[in-house]
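**Q** Protein sequences appear in the order of chains A and B.
Per the working numbering, the very first residue in the first sequence carries number 21; after that it's consecutive.
Per the working numbering, the very first residue in the second sequence carries number 181; after that it's consecutive.
Source of the hints: derived by calculation from the structure; they are not laboratory data.
To give an idea of the chain B side of the interface with chain A (calculated C-beta under 8 Å), a few residues: (1) L235; (2) L238; (3) L241; (4) A245; (5) Q256; (6) Y284; (7) T401; (8) P485; (9) A663; (10) A666.
C-beta: ideal position from N, C-alpha, C; glycine also.
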Amino acid sequence: MQLASGVDPQLADLSNKLIYSAMAVYTIAMFAHMFEWTFGSKGAVAVRSKEQSGSLAETVAAAEAKGTKKVTVTVARAGGGTTTLTRTALAGAGATVVTSGRGEDEVDGPGAAGSSEKADLAGRIAVSLTVLAALLHVGGVIARGLSVSRWPWGNMYEFSCAFALAMTAAYLVLLAAKKNVRWLGLPVTVAVLLTLGIATTVLYTDSEQLVPALHSYWLAIHVSTAIFCGGAFYAAFIATLLYLFQDSYHRRVEAGAYEYLKPGAARAAGRQQSDFRTGLARVRVSVCNRLPAASTLDKLSYRINALVFPLWTFTIIAGAIWAEAAWGKYWEWDPKETWSFITWVAYACYLHARATAGWKGRKAAYLALAAFACWLFNYYGVNIFVTGKHSYAGI
Amino acid sequence: MSNTTTETELPPASDDAEAERLSTAPVESDGPTGIGVFGWLRWMWRQLTSMRVALILLFLLSLAAIPGSLIPQNGQNQFKVETWKAQHTTVAPIYQKLQLFDVYSSIWFSAIYILLFVSLAGCIVPRTWQFVGVLRAQPPAAPRNLTRMPVYAAWRTGADADTVSAAAHRLLRKRRFRANLAGGAVAAEKGYLREVGNLLFHLSLFALLGGFGWASLASGTGGKLMVEGDGYSNTITQLDDFTGSSFYTSDDLDPFFLKLKGFTAKFQDKGDQIGAARQFTANVEYYAGDDASKLRQGTIEVNHPLDIGGSKVYLIGHGYAPVITVRNSNGDVVYTGATPFLPQDANLTSTGVVKVSDYGMGPKGTKTQLGFSGFFLPTAPVSFEGTGPVSLFPGDAAPELVLNAFEGDLGTDSGLPQNIYQLNTRKMTQLTQDEQPAKARLKPGQGWTLPDGYGSVTFEGYKQWASFNVSHRPGNEIALTGAVLAILGLIGSLFVQRRRIWVRAVALPEGGTLVELAGLARSESAKIAEELAELAVDLQDDAPAADDESDTGDAGTEDPPTDDPEADGDPEAPEAPADPAAPADQNSKE
Ligand code: HEM
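With the rest of the complex left out, here is chain B (with noise of 0.2 Å):
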């Protein structure tokens, strides 16, 4: 930061200058000092932890966070991407050699932050040192001039000169700032509270982003899908999947068990909203650990998610399971259960699959497998036409079932893994029934007799299922306290103001002593003014102003209480100031 003077004036001298620094931020350097390939190095450092390029990078921190707002990206939705890719087709690959949907993970924006972070550790620990310094040390010295300062004030006493510069003292004191009364001058100065806050504040960024990293590398989460009545226990082979990271594998899954007991859905049924979501609530029960004698009860709901030995279950989606039992030719029950339908709309209109893959011997005598696709309507419309299958309210108040069946191989015995709600139809054919797809809508309770004698389906009834995300993320404490750190920091940085008052009472050579009060402040404030007008009323009692008027200033012509006839006899008359020499820019005192 340099120092800006008016031609008018000599730079101030090296003692003044120190005293008015009244922050520890670094001083911009121009151009490389020293020779050589360290001389240049440590100008590209000084550079790098310098306000200017922090600013840049600030600016190109909140510039590079913009396209991943715009753009879908890999780490919240997968098949977004997937979906932006197909219809972009030309630029698609443009963006992802420039990592445009993995954005916050990219190597351009990771570089931003990681040089911010660099600048600010290069800022904040040169700057700790400081600062510790400036707390061992007296405040400074009061600078030659003091009219220079922005907030000035001066008057003539009869007191003497050492009571004065006492008094000034003890009432600073007072006012509980760090006083020091040397060389017949006291130097002042309160407000350390803003540079703590300030330093305060950059380094719990740090902990923020530790924080961040310690969750990145240190947390895994899972999926689960329970129908009511399932529970499961949380191992690798029971969860439907699961991502860790470098210290949380699937053999650090946190042990416990989980049982969905019963699920509660409350829908809008009437105005504007009708059909919007009002209550999800979960009934489960659950023990952490492998001691089954500790289970308990509780609730999962959104917002509310439940912990479990280190980890949180969340409730992240619900939807129906119509249970159907199917019969082969010879009126076995060669499949019965609850299958989880995928819901499509906000109705829940939803979709799934049942794989009979246990069929045994079809009707042509040779053996085959049993698949149905089809919806599940929590509330049917009373004719497709026009519309199709779709659900007409998420809550259930006319469930129906809509399955086309299928004979053939299923793929199951491939050994390949299958996507449990998709029906791989390419060795299979499709029922028929008059020339036409088979095809039944079944209310609970109702059965269906398949075409061709493959036996029958019957509707027993549905369950709900609710699906959770079960998550282990450590590091949340340390953010966290990152968080309310900067925030208290903030507040210091902002609300506190650092100032220096200095008094100086001299003896002047015709007798009497000339008091001077000057005061240094962010230029951000007007209080510095009132509070050295206090200070001064206040001083007025131990060194009352003289009555004479010595008006030698350019103050008098605007100013009424100067220029005032009646002042000259009242015995406290004001004093104009000694000498109110334009004083410096301010913009230098920073």
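Looking at chain A on its own, in the form it has when it is part of the complex (with noise of 0.2 Å):
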């Protein structure tokens, strides 16, 4: 065990600056997709269709070219729309498949870039922006940790960092598999750059050594899943927060809401609306064009609050099993602990709700929400406001 002694200022300091060089570089990779999505704003639904018909098409055709199997299954879309998947089998290539979307509201948008050359140019430069951020983050967070040769997860600051950092490289991650994520680049890095702002402002303690209550291995074991369960859950709000989004504004669009903008339409409607709201809805229309289908962002939510539910469960038993080991009760029903179990049933409430009781949809993501509130409220709320035996190091 490391005594009291053990700091390494000239780590600490290094962290520190490693931790402000992210920020400015997460900054900049921001406003890189802010311009990638003010570029893209132009012509987006034309070429959409065109560019998956494409190559659908060249793939089919591809595959016929060396004369294989082919099989063209129809898949039911919860909205009453079809969608065909069609794999065909290449002699000696595998397997390659290919979906084509039918029904306008269901299908994907192309992300943010839209058509726009110049607009996919700026995504890019962010997304490498955000790797080097990312890069300088890691290097912040290790660097802290040798600074005191602990896990760098002692106080609310440093949890925070890790925190951040577990949200980027999820984001990373997604895109070095070649999901078509790019989109979430823009909330990723301004969700990074608030908890990062909080952290350095607010929460931010001197690299210290631990007090002994977090003498513990559970601190790797406890505090890394809650770490991790908070990355995910903040992607999986930040989902459903754009379903709720996408489907209003299908809604709108079905009630037909944004049709005094079709270049057709009579300018009479419009003129009713003041230029400023005419040029919100402009906007609403064009990020929701490039934004995933409504029913894709409600399962993408769906997938990562689900994955996570069952480390969210392990993270509350590694606690509890620690807590018996350091208070000699697992469970004494601490403002901390009575707040990740608060969590942890809202988030049941929501699974069974999809599950079973029918509650798609809106009612479903409203859960969802509430659950993700009580998320942050343990986060924050408890270890500001409310004292129990988790206060420690300061914050």
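Join the two chains into one complex using the hints; note that each chain is given alone, in its own frame.
**A** Encoded structure:
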């Protein structure tokens, strides 16, 4: 065990500088994403369908040229439309899956850049910058840990830095796995900057050794899974919000709310709205047309939440085992424990609702938001406003 | 769960409905069935065990847990509760009535979780039986109209129907489906682990609750404070305090002996967090039972309790115990020993009292007693001016003892139990010097001659003390097993897809065979489509698609592959779905 004097001030200082540099680079990346969204606002819809059918036709043609087996599967969608999925087994080349969408409202948008090359370039720059920022961020977290030779999550400042890193890492891993998630870039950089901003201003504490209560290998297990869960719940939260945004957009489209924006539409209707509101509506249409479909977002948020729920269960249990070792009782209804429990039950509610009670769509989404609100309160609220046994090292 | 069908469709026949049920979740009922009290009771039971009510109860449970995190609780910190009550005199009685200081053992909180568990039992037991039935039966036969299924594929082949069915049966088996070939169709199912996991998860919640319950019925905790060098046997007379339960009373205390040999505390000595604790270690000697020859050495740290014969000993506090010697007017030693002083702040400014009950004759020739109250400061400031006696640092960098002296009746002979950390000065008078209360600041080794000939006090030095929580808690293993099973169950429940695939091959009147494949899974997964496609591709080895194009549906209009004119010339061209009629709303599958 390290003793009181074991702090390397140079490394601690380096860590701070790296975190600040990471924040600066994240900020530039965020602006690049904003450029991407702005430049990409033109003509997204027209290009989307061309692009999709193009690639589908190409794959199918390639498959047929080689004389292969092919199968088309009809897939019913929740909304009532259908899509087809075509699988061709190329001789010796493995299988290729082609999905094509039918029913306008269920098609995923092309992403933030739309059709604009300039926007695409901005998006690529943004991603490169995010990678750079993440490297600096990793350096910052590691230096912090090395400066005191322990896991770098002993207080809320360190916890927040690691948590923001988990979020970036999750996003970059999805990108690296060639998932179509670049559109998440803007919300992710904003969320990371917010978290780091709060961490460096409100929560900052100098790098120091831990109080004896934290001298436990459970710190590595319990806290790192908590960090991961936090990052993932955050991502699911972003997806849920976007789902609600996208869903209400579709409702409004169906109600004809945006008819007046169409090129041929009578100007009269448009004139009743102020220019500002027309402008806002245009932005909304443009953004929503580039985002993934509502059902895709809904599924994404469900998948993340379902994936994280067992891990969150594990986190709570690991915490209980640690509490047993530290305080003699594995469950004492300490505020932090209580709110972890509340969060857990809230997510269980959400899963129940989706799995069985037929609460799909918006109602389930509200439950997911409520559950995330519990999580947020557990993280910031309980640490700052409520005192319990989890109050260590300043905050 | 009602089947939501669109108006244009007929509701599925009963066997189809069974084919579409992929969960043993209870079917929701809408109103009381039958008549009389029994009907109503049955309806109420159905309601209680319905998913809707389970959802409401879960929601209530999370709501009900909130007040306990915001209002101080008796179970955690009684002192805080008392302070809170004193500050909020108007609402405190109402809160008391509502059991808001004991939320987690309150009637309403208990009611919610008991109802939840009753509902769970009422839900899980029938589901388990039903699932056993599912396992013993064959997968449900193919619905008549396969195009209604969420994923569907079809083509025409020259192979005969029996060959196709047999091939499909073999392929599905190879994919580790439970498959059954009957009536010209293959019915296959996979992913039972989902249901197993789900049942396991819910059942293990009972184990968790059982562990909790057993712990509260059969556990007990005691407290013991020891100065370095002290030892004690774990009996009710030697413990400072003890809280037992129905099945663990003071007679059941685990027998052992424990001695505090030494205590090490280390603190941060510079920077932002100066004074923060960095290490607490208690070096102890102990033996379980009463065989002193089995004496062993050990350490107890925060997070590292010591296991002794059925109990765990936790380190929960520490402080300083100044050693003082008191001499009376005659110079006889009437008191000597270490007295634990209790820390008041993070820098271990400690307060305590010393009671000299065997003082004997006072200078006035009457029998009297002496009492001292004061502060122990591990790191004393040069001057108390403006601050009073406060310690600057929790480590013993500049230890000092500050004492006031009282003379009179301590009240120790009254027979009433006394708080050893408080001086009852009602029948005592403070010694004075030059009309001021007599007071001394002593460094280790220094002495103080008391005014008016009351003798002297010597501050010999100080030891450290540590306080321990001795806890006997059975049921941890049950709860832990429950927790581990719960996680395993959850993983099965959330990550395994239960799905069905049907393959039907029918000889067509005009020659050839129509191969139809359909699949059904929980709507959250898109995998079933790919699985079906893979199966169809494999099946084409045995049932190659005929090279005609019979696009009867509307699929062709937006679907490039079927529109592709070149496809006609290809011997293995794709076949459009034979009848891509609007499939049923997928929600109805659950
Ligand atoms: C004690 C509190 C409970 C908790 C924490 C809990 C939690 C969960 C979770 C996490 C799932 C997984 C959801 C999924 O598979 O997607 C689930 C599924 C389920 N729960 Fe519960 N549950 C509880 C009580 C109940 C009760 C009282 C009932 C019955 C009335 C019930 C019936 C079910 C059913 C039928 C499913 C799965 C249905 C299916 O997917 O096939 N649960 N529950």
